[in-house]
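Trainee: Got chain X; can you put chain E on it based on the hints?
Residue numbers (my numbering), protein chains in the order written: chain X, 100 to 409; chain E, 31 to 657.
One should not assume that every hint holds.
Lysine-lysine pairs mimicking DSS-like chemistry, simulated, CA-CA at most 30 Å apart [as the list claims (entries may be wrong)]: (1) Lys149(E) / Lys235(X); (2) Lys578(E) / Lys217(X); (3) Lys65(E) / Lys157(X); (4) Lys327(X) / Lys578(E); (5) Lys203(E) / Lys238(X); (6) Lys203(E) / Lys235(X); (7) Lys490(E) / Lys109(X); (8) Lys495(E) / Lys186(X).
Restraint-style ranges between C-beta atoms, simulated for each label pair [what the hints assert, rightly or not]: (9) Phe637(E) / Leu126(X): 44 to 50 Å; (10) Tyr51(E) / Leu130(X): 54 to 60 Å; (11) Val37(E) / Ala382(X): 41 to 47 Å; (12) Lys115(X) / Tyr54(E): 56 to 62 Å; (13) Thr140(E) / Leu130(X): 38 to 44 Å; (14) Tyr51(E) / Gly122(X): 51 to 57 Å.
Honestly, the hints are just simulated from the structure, not real lab data. Note that the coordinates shown come from a computational prediction; the quantities given were computed from them, not determined experimentally. Beta carbons are placed, not taken as given, at the ideal position from N, Cα and C, and that holds for glycine.
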Amino acid sequence: MRFFQNPKYKFMEVRKIAFALSGSLILISILSLLLHGGPRYSVDFRGGTFMEIRFEDKANPEQPLNIDIGRVRKVFEEFGIGNAEIKHYGSMQEISARADITQNTDEIFHNLTVQLSKAFPEYNVIEMRKETVGPKVGKELVGAAILAILWATVFILLYIMWRFEFRFGIGAVVATIHDVIVTIGIFSLLNIEISIAIVAALLTIVGYSLNDTIVVYDRIRENLKTFKRQAVEYTGIINRSINETLSRTIITSGTTMLVVVVLYFFGGEVLKDFSFALICGIAVGTYSSIFVASPILVEFEFRKKSVVKK
Amino acid sequence: MRRNILVKAGIIVFFIVLFLYLLYPTIKFNYLMNKTAKDDLKLEDPPAYEKLLDNSIKLGLDLQGGMHVVMEVDVEELSRALAKNKDQRFNEAWQEARDISSAEDRDFLTVFAQQLTAKGADLARYYGTKSMRDQSDILKYLRAQASEAVNRSLEILRNRVDQFGVSEPTIQKQGNKRIIIELAGITDPQRVRGILGQTALLDFRLLKDQQITQNVASRINEYIKGALAEVDTLEKPPQEKDTSIVRPEELFGEATEAVVDTAKRDSVTREREKLFKENLFFAYPGDPQRLLVPRENEVRLKRVLQEPAIQNIIKTEAGDAEFLWGKLDPSGEYYGIFLVEKQPELTGETIVDAFPQPGSGYDPGSFGKFEVSLEFNDEGARIFSRVTGANLNKRLAIVLDGVVHSAPVIQAKIRDGRARITGLETMDEAKDLAVVLKAGALPAPVKILEERTVGPSLGKDSIRKGTNSALLGLLIVALFMIVYYKFSGFIADIALFFNIIIIMGVMSYFHATLTLPGIAGIILTIGMAVDANVLIFERVREEMDKGKTVWSSVETGYSRAFITILDANVTTLIAAVVLYNFGSGPIKGFALTLMIGILASMFTAIFVTRTIFEFLLERKIMKKLSI
Numbered sequence: 100m101r102f103f104q105n106p107k108y109k110f111m112e113v114r115k116i117a118f119a120l121s122g123s124l125i126l127i128s129i130l131s132l133l134l135h136g137g138p139r140y141s142v143d144f145r146g147g148t149f150m151e152i153r154f155e156d157k158a159n160p161e162q163p164l165n166i167d168i169g170r171v172r173k174v175f176e177e178f179g180i181g182n183a184e185i186k187h188y189g190s191m192q193e194i195s196a197r198a199d200i201t202q203n204t205d206e207i208f209h210n211l212t213v214q215l216s217k218a219f220p221e222y223n224v225i226e227m228r229k230e231t232v233g234p235k236v237g238k239e240l241v242g243a244a245i246l247a248i249l250w251a252t253v254f255i256l257l258y259i260m261w262r263f264e265f266r267f268g269i270g271a272v273v274a275t276i277h278d279v280i281v282t283i284g285i286f287s288l289l290n291i292e293i294s295i296a297i298v299a300a301l302l303t304i305v306g307y308s309l310n311d312t313i314v315v316y317d318r319i320r321e322n323l324k325t326f327k328r329q330a331v332e333y334t335g336i337i338n339r340s341i342n343e344t345l346s347r348t349i350i351t352s353g354t355t356m357l358v359v360v361v362l363y364f365f366g367g368e369v370l371k372d373f374s375f376a377l378i379c380g381i382a383v384g385t386y387s388s389i390f391v392a393s394p395i396l397v398e399f400e401f402r403k404k405s406v407v408k409k
Numbered sequence: 031m032r033r034n035i036l037v038k039a040g041i042i043v044f045f046i047v048l049f050l051y052l053l054y055p056t057i058k059f060n061y062l063m064n065k066t067a068k069d070d071l072k073l074e075d076p077p078a079y080e081k082l083l084d085n086s087i088k089l090g091l092d093l094q095g096g097m098h099v100v101m102e103v104d105v106e107e108l109s110r111a112l113a114k115n116k117d118q119r120f121n122e123a124w125q126e127a128r129d130i131s132s133a134e135d136r137d138f139l140t141v142f143a144q145q146l147t148a149k150g151a152d153l154a155r156y157y158g159t160k161s162m163r164d165q166s167d168i169l170k171y172l173r174a175q176a177s178e179a180v181n182r183s184l185e186i187l188r189n190r191v192d193q194f195g196v197s198e199p200t201i202q203k204q205g206n207k208r209i210i211i212e213l214a215g216i217t218d219p220q221r222v223r224g225i226l227g228q229t230a231l232l233d234f235r236l237l238k239d240q241q242i243t244q245n246v247a248s249r250i251n252e253y254i255k256g257a258l259a260e261v262d263t264l265e266k267p268p269q270e271k272d273t274s275i276v277r278p279e280e281l282f283g284e285a286t287e288a289v290v291d292t293a294k295r296d297s298v299t300r301e302r303e304k305l306f307k308e309n310l311f312f313a314y315p316g317d318p319q320r321l322l323v324p325r326e327n328e329v330r331l332k333r334v335l336q337e338p339a340i341q342n343i344i345k346t347e348a349g350d351a352e353f354l355w356g357k358l359d360p361s362g363e364y365y366g367i368f369l370v371e372k373q374p375e376l377t378g379e380t381i382v383d384a385f386p387q388p389g390s391g392y393d394p395g396s397f398g399k400f401e402v403s404l405e406f407n408d409e410g411a412r413i414f415s416r417v418t419g420a421n422l423n424k425r426l427a428i429v430l431d432g433v434v435h436s437a438p439v440i441q442a443k444i445r446d447g448r449a450r451i452t453g454l455e456t457m458d459e460a461k462d463l464a465v466v467l468k469a470g471a472l473p474a475p476v477k478i479l480e481e482r483t484v485g486p487s488l489g490k491d492s493i494r495k496g497t498n499s500a501l502l503g504l505l506i507v508a509l510f511m512i513v514y515y516k517f518s519g520f521i522a523d524i525a526l527f528f529n530i531i532i533i534m535g536v537m538s539y540f541h542a543t544l545t546l547p548g549i550a551g552i553i554l555t556i557g558m559a560v561d562a563n564v565l566i567f568e569r570v571r572e573e574m575d576k577g578k579t580v581w582s583s584v585e586t587g588y589s590r591a592f593i594t595i596l597d598a599n600v601t602t603l604i605a606a607v608v609l610y611n612f613g614s615g616p617i618k619g620f621a622l623t624l625m626i627g628i629l630a631s632m633f634t635a636i637f638v639t640r641t642i643f644e645f646l647l648e649r650k651i652m653k654k655l656s657i
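Bound-form chain E, shown alone:
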């Protein structure tokens, strides 16, 4: 029996430690670090910062302010954009179909086909090709186009969100046609709207020669070395620190505050040291024109490249060129960075089509690999022919909204406007590239269905009020329990406190987002968590009224109340699960906290408080039950 209790106590301690451990990043991030410490860590060790942020409970948009947007592909606009030979009948049918489908809540394309038939025309007249004349085939084609348009928008949006400087943007596909975007801390929704609404810019740009790229890289490395030495000499004689000296912080555009604090200057110096030590550029062994940048150097390097001195180096060494970033490599550790011409050779508007396919068997190099075929219009074909002819064996970067997605080598002069990008490792890679190539060619019209903006001041207000009322509610309930159940009430309060740690710990573990309804859920759980204990205590009192001993009253009380607690909580749990599945964002948060809360309260009430009672009674610490 005694050993049994020790095991139980062990389990409880284990859980307390576990949940406190899970909760630690949140506590550290929100309470133990001030803003400068956070900024420093972000510069010093971005992966560690990200990890900390990842492991702590995130605040929902309603608590920190931000924007929530739901967009849907505009099938109507898309079908109009894809149609050829639009005439009066088409426009009428399109307009009617739009009115009918929105009024009667029906599928636009089906209605549209019907309207066209009613006017003596059919879809084939506007969308048909030699191989596609059947109405059902065309409908299938249009639906596939709509779903592709979603993928294109996703790609474009992912490319662009960087511009907002949001710490953790969420871009998700919902169903077939919808995209959810969540941008925390955004204060200017108009700007977001503008950027989201722009059409994507795809262009092709020549890479600078290997020799030039290498020169620029080594010159930049040298410059940073020199600049670092300068900082050292500046720092040694302290008396020289007067305002007439150009401080390194100013060089970095950091010294916005009148008083330069040492912590900040130190972090700038460290930043350079680290860059220097780790080398700014790694040349990729198999591909010297692609320089690799370790992921943790990303923020620093982006800032360094802005410096006028560096811009000068690029200008003198490479002429009218700039560094463009590539995507993160599959290992997730390095970014590619390319030195490309500023002037694009041609733009994506000239692309008619692009599709992925397996590599052809003719040429041994492409066998077993994948490729993307692309087709240009007449104008594009003409330019492409000239560009490929003049730049054989050079590399052409495919740039979407300023990000290099691929940089294939020009292997031959392409006259007919049909090119292939070969040697891709997986079909997914080929699919992604095809999506990118089409992004610049085809419109991906989207309309905004839902848009919620919460100002930052309201968010702060909500957090303060939410937390305050949670604490106040907790306090009142805890006091009541002690007044009503005396010492037993105190034990129930311990369980209640534990309960809250569990909820927050589990939320940390699942990287859940705390929303205002989520706080409400926690508050409600506080109310309901005491219920299990009330049930038990009332039962114990009843048993004692019958004249049973303390030990047997506690035992009977717990075992009888268990059935009640189980049935009562399972029903609430069912409601919470249904709520979770039906709900959108904030409601999901509420349901989640409620679910965790119910499970946690069952654990604490049935297991934790019981163990405490058994322990106290067995050790004879408590002889009479204070209840």
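Okay, chain X solo, but in the shape it has when bound:
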């Protein structure tokens, strides 16, 4: 079985369209971030308390329930945290709540579930998870996360410059930053929180997107050497390289995507946002290695030539 038998797509010819597309994606992402006042941080970064509570029918625990958020909020109001963000989590019988409290949260959480059992006498109320992060820790984490992404980018840039050429390094880093911004943008548009797990996912996307880009670059490097003496046009070599690696790109992205999609649907609520970030990242990363990282090389080549002509 073979998906692409000798493909001859002219990728570089549509690079202007790709640039326009990428440009507008980034623009939309940044606009969305500006409108939302920055990324929506989870309690990991913002400080506060996240609570997860599950309801089960006393007589028949397996029976699916539909919990009324309004009734839950009434109980929260008794504790002065009626402004907490309460929503269904995973299923209709589980709820999550985010409140801006960091003191005595055990006690509040415990009393909350006791009150909830009174409000819903027919159900068992189960404390699933509670995470409290003080505001100080949150601030430190934001700093650490930004540093982590910066450091990773710097090291990788250095490695690529050493193994390839300067322009390859620039192309790879631009493509990677493109992927990270677009992923954060998608999260912002869909109003999904950025937690520590999402930062991990972003770093994985950095690694994955680079992996993808490097494979294409590697072929470009090889073909540039092979066709150096022949009068083959630069764009032609790049098109050829992308086409030669196309089936690999599609298969690897496809298998990784399959696995992550499985994780998204069957991995449980805790991993849902994490795997969603990876799905976006893999899609955008595959696109960017063909339509962002490679065209940048072509642009470099044209700029160089126009300078020489003068």
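Mentor: Only chain E this time, still in chain X's reference frame:
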């Protein structure tokens, strides 16, 4: 050439066996043993149980449920507690400094000193002594106090975690001021919070005389001997086993289930036999008042000491006394256990200061050794003088939260409230003891910065879903590879499977903890592990399209793809390493699995599958390449 392949095959087999061996404890613990078998082993042979647990992959708190707490020393509270002559100005400056430092994210002590200066006061007014008047000295002193407070909290916490009955508690110092506590399987965070928050209880208690201690020990030994004989007679006539008989299990508080299963009763009998055979108490030759308990007897002995009959023996022989445990001796094999008075002579609140120092040269016994000096307040000095005067040559145990840390002999009546505990072997020992002595005296205020609780049901849910999706993902990818690359895909699947064994084996070896993000990391590696093989296979196909022979296509395919795989994986590896260094707990787990996964996939793709191909082609098992 042929020999070459055999060597390669040997290397591969060696690695498979190695990683399976590393993985064996995990498989044994999680799949081959049921709960009773585990409980039995825990009773029978605690060191073996611990070793097994140690060598198997641990589940993170997010998978088994539990509590993760990050605490930090409350420098603000500490500086208030240490200040003398607090007045209006102090309180105002303190309050302002607290607001400013939290709002502007600045160092509290620096801001506090500034605020005091602005009000025309200075630190020396509240913290100064004759020898310490300079502001920078006082700041240094306060910072040192903060860092000491962390050590005290650590000591207190270590002392207390036993109470939770957690199998493997983690208590770590992070940086200068933070402590991380991880308690797996804890279901009642409120209780933990309560116990962690209590102030430490330090007291001094007299040891019972040597003669009494020995008597109690031999009486207990006799009792256990007798009890053991009883079990034997009970067991012989089977017809007597009706419900009216008091079973030994009930004596031990074991028979909670309605049906008494034989395995359990056997283990109780064996427990006694072992105790009897190995002797409950070893008197330490140089120190008859310190009884030694082999480490593996710890759990059993603790249970036996709870029995009312044993409690009675202690009462009749020694009066109002109890056994208190000491610390594990340096060899790690024995616990000390001491028979002490229930009533403390004085408590740690009366201690003003304690510090370690080298032994003085005056007295030949202390030369080259180390000691701890301690100072009592007036009330403490008065009581201490009376206690030491009345109990010369007796021994006084220093007990922190119910654990004996030291039991020095009272050598003289101490009138001025300044005592020395001499004859300590190392400076570290002296430092530790000083920390213990101050634990009861000084507050070590801590505040909780971060707290995560995962309920056990969520943990189970996560494991199930995580493992299921990992298996499903693996299956889909494996099937795809076979459909797309036929027989070669099958070889890639073998490599993939091997890959997973390597990841788990390495995790076992490093005693790594498997977290939910860790499972995600493994799943992601599955996706990426096939990448290396895809790169190779695509290359081989290209070479074959050019009309090369099978052998040369395989050779060229592997060598050309190698460079690509290397560059591509090194970049991902860099991202994973950065992630590992930045991340906290769960993220570290993810980064670790990703790192191991990348390295493993390079090994399996480049080395393992290549060897398999070469082997098959050379032996002419495979003449055409099915790819």
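Trainee: Now, for every hint given, state plainly whether the structure supports it.
Mentor: The hints, checked one at a time:
no.	hint	verdict
1	Lys149(E) / Lys235(X)	28 Å, holds
2	Lys578(E) / Lys217(X)	77 Å, violated
3	Lys65(E) / Lys157(X)	28 Å, holds
4	Lys327(X) / Lys578(E)	24 Å, holds
5	Lys203(E) / Lys238(X)	20 Å, holds
6	Lys203(E) / Lys235(X)	18 Å, holds
7	Lys490(E) / Lys109(X)	51 Å, violated
8	Lys495(E) / Lys186(X)	22 Å, holds
9	Phe637(E) / Leu126(X): 44 to 50 Å	47 Å, holds
10	Tyr51(E) / Leu130(X): 54 to 60 Å	57 Å, holds
11	Val37(E) / Ala382(X): 41 to 47 Å	44 Å, holds
12	Lys115(X) / Tyr54(E): 56 to 62 Å	59 Å, holds
13	Thr140(E) / Leu130(X): 38 to 44 Å	41 Å, holds
14	Tyr51(E) / Gly122(X): 51 to 57 Å	55 Å, holds
In terms of the numbered hints stated before, the structure departs from hints 2 and 7, listed from lowest to highest.
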